[in-house]
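Chemist: Listed below, chain by chain, are the residues.
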Amino acid sequence: MNAILVLTRSLLRQTIRNRQGLFWTLFFPLVLMFVFSFLGNSQSRVNLAVVSPRGQSAAVMKVFQRSPLFHVTKMSRRQALQEVQRGQIDAALLVPLAAADHTTTLTLRYNNANAVSAGQVVGSVEAFVAQADIALSGRPPLFRVAAQAMTHSHSSTYLDFLLPGILALMTMQNSLFGIGAGLTRWKEQGVLRRFRATPVKPVQLLAATIVNYMVVGLASAAIVIGFSTTILHASVSVPLGPILLVLLLGMASFLSIGFIVAGLSKSQEATIPIINLISFPMMFLSGVFFPVSSLPRILAHIVQYFPLTYVADALRGLMSGQLTLGASAFRTDIIGLVVWIVVTGLIASRAWRWE
Amino acid sequence: MQKTLRLENVTKRYGAMTAVDHLTLTVPSGIVFGLLGPNGAGKTTTLEMVEGLRRPDDGRVWWGELDVVRHPDEARSQFGVQLQSSAFFELLTVKETLELFHSFYRRRLAVSDLISRLGLEEKQNARVGGLSGGQRQRLALAAALINDPEVVFLDEPSAGLDPQARRNLWDVILGLKAEGRTVVLTTHYMEEAEVLADRLAIIDHGRVLDEGTPRELIQRHMPASVVEVSRSVGINSTVDLPAVRRMEERDEVTTLVSDRLEDTLVGLVNWAQREGRAITGLTTRNATLEDVFLELTGRSLRE
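Sequence lines, in order, name chains A and B.
Mapping of the first sequence onto the working numbering: residues 9 to 363, in sequence order.
Mapping of the second sequence onto the working numbering: residues 35 to 337, in sequence order.
Honestly, the hints are just simulated from the structure, not real lab data.
Hints are supplied without guarantee of correctness; some may be wrong.
Stated by the list, open to error - Residues from chain B that face chain A, not an exhaustive set, calculated with beta carbons under 8 Å: (1) Ser119; (2) Phe122; (3) Leu134.
Virtual Cβ for every residue (Gly too), placed ideally from N, Cα, C.
Given the sequences, and given the hints that come with them, work out the whole structure.
Modeler: This is the structure we're talking about:
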């Protein structure tokens with residue numbers, strides 16, 4: 009028992025004294041959160057340039073300005089098209105001279121370099137024009153949409169969406185790179201060989217290593233949550249118990265995946281690409297930066313079983329107030345993670361080689 | 035208690051290659067025992083099987099009554115081990131490293147005593163990553179001694195050390211023997227073997243070629259003298275000199291192994307006068323372990 013305690017203390021000292029490692033552990037999450045905090049709500053507004061003949065512009069501008077969906081500027085045709093092309097504004101609306109007797113065509117020139125924002129722009133302008141059309145015609149509309157949010161919380165910003173994703177991402181990176189790269193380095197240097205020549209048991213070494221990465225993982229998660237809520241004013245709920253549960257299960261599953269990789273590979277040069285291969289798809293697909301629902305259906309079906317998806321899902325549900333411990337969606341995430349831990353743990357225990 | 039270390043037909047194969055081939059040895063208690071051999075001879079693999087780090091494919095290892103192959107955990111807790119390619123956590127201090135190893139054992143020496151004994155007082159709070167080669171080696175020795183072992187295994191303990199650090203290390207090793215500990219070390223430095231080892235086993239291709247005290251080995255294989263002259267003198271295999279058992283040309287020196295030094299020298303002088311050659315760089319000496327090794331294996335220790 010004493011050996012485990014001293015080992016854990018030694019590993020923690022080793023980790024804390026690795027200033028460079030700690031810096032990179034916290035640098036990216038904090039910078040990402042900081043950068044995205046500037047986006048706030050402005051991201052959902054469409055930057056629209058209105059190009060219209062003299063005399064009509066004031067009226068058209070007024071209509072658009074009343075809508076919360078748009079941020080409109082009046083521009084010359086040339087300037088507007090140029091700025092759309094350079095991606096500085098989302099779209100330019102070209103209004104022709106009025107001709108009362110037939111349908112007036114409003115031309116919308118948009119930049120389709122970004123498929124998501126292009127779709128959003130065209131959609132909102134079309135919807136808005138149709139709405140204005142009905143209103144002008146004086147007839148009551150046939151349908152009306154009453155939009156109701158499923159959450160009990162206030163409307164959330166992208167920052168609130170991103171925070172749980174970043175926490176999930178950190179969980180993966182710390183555990184996977186920590187144990188994958190760390191253990192391979194010790195293996196390469198001969199640190200593990202030296203331990204093997206003592207009566208210390210592999211289980212003791214493993215336990216100390218796991219505690220080390222969990223302490224580091226939880227501490228960095230706490231720092232990022234603290235920074236995001238106090239300084240960046242992200243408004244998320246933090247139910248401590250359930251969040252701790254998800255973080256620990258997440259770490260456990262990524263630690264065993266890292267353990268498999270470290271067990272199989274002989275050198276760091278071999279480990280890093282394998283870890284990248286595992287972590288990159290999850291980083292972009294598992295709902296860290298954008299929801300899994302925005303993926304093509306077939307892909308989303310596969311992605312839902314990724315460990316990072318479970319972690320990100322559960323954390324986002326908890327922090328947005330949508331999920332509680334009893335919710336069946338939460339149970340699914342937990343069960344998913346437990347299955348990952350059991351399966352990868354079994355493989356890891358077989359794949360492990362001391363040298 | 036006087037325990038003997040015994041290896042019986044210890045064998046290790048890697049695929050088609052037999053790294054250690056039915057190796058049998060007995061190491062009496064309280065001596066420094068050297069395994070002498072070139073790189074790749076199987077010294078390290080042998081040592082690792084004795085230490086309980088590697089399982090032999092065949093054969094037994096006994097430490098007193100303890101079956102090392104069956105009970106490697108018990109063996110590890112009794113042995114002191116310094117590995118050839120091992121490392122410690124770079125960011126821990128010397129003292130912290132020893133405290134860590136201290137926690138692994140039941141029977142143990144005080145960390146502070148070991149630190150002063152190996153002259154690491156000034157470096158005890160320095161990080162391992164900043165230590166010199168000699169200091170690292172002393173730390174490795176301290177870690178090997180932390181469980182107060184009756185037998186200490188040192189794999190190439192002086193590899194990469196400067197002459198001064200090597201002498202210091204030899205003093206420490208002789209000190210271990212003076213305390214009644216058994217020391218088993220591998221080396222490919224002939225001088226080290228001659229200074230330290232009470233008994234030696236010469237190993238090549240995973241087999242013991244011969245075993246004994248350094249004096250015995252020299253007597254048995256090289257009761258001869260060695261005559262060396264500059265190569266520019268021009269002696270080669272066509273020159274017939276009396277009592278020469280073997281001749282070798284290497285770098286700038288021609289080496290003659292002579293069974294009767296007087297005859298060979300007279301023959302050499304006569305030949306030089308007849309041929310009108312000047313004899314330069316002439317030295318004579320007794321045979322060394324290096325020569326024994328060359329005789330037994332046909333190759334130099336440093337190869």
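Chemist: Take the shortest C-beta to C-beta distance between B:Ser119 and chain A; is it under 8 Å?
Modeler: 5 Å, holds
Chemist: Identify whether the interface hint at B:Leu134 stands, where standing means a beta carbon of chain A within less than 8 Å of its own.
Modeler: 5 Å, holds
Chemist: With a cut-off of 8 Å, does the beta carbon of B:Phe122 approach a beta carbon of chain A closely enough for the hint to hold?
Modeler: Cβ of B:Phe122 sits 7 Å from chain A, so the hint holds.
Checked against the numbered hints given earlier, the structure satisfies every one of them.
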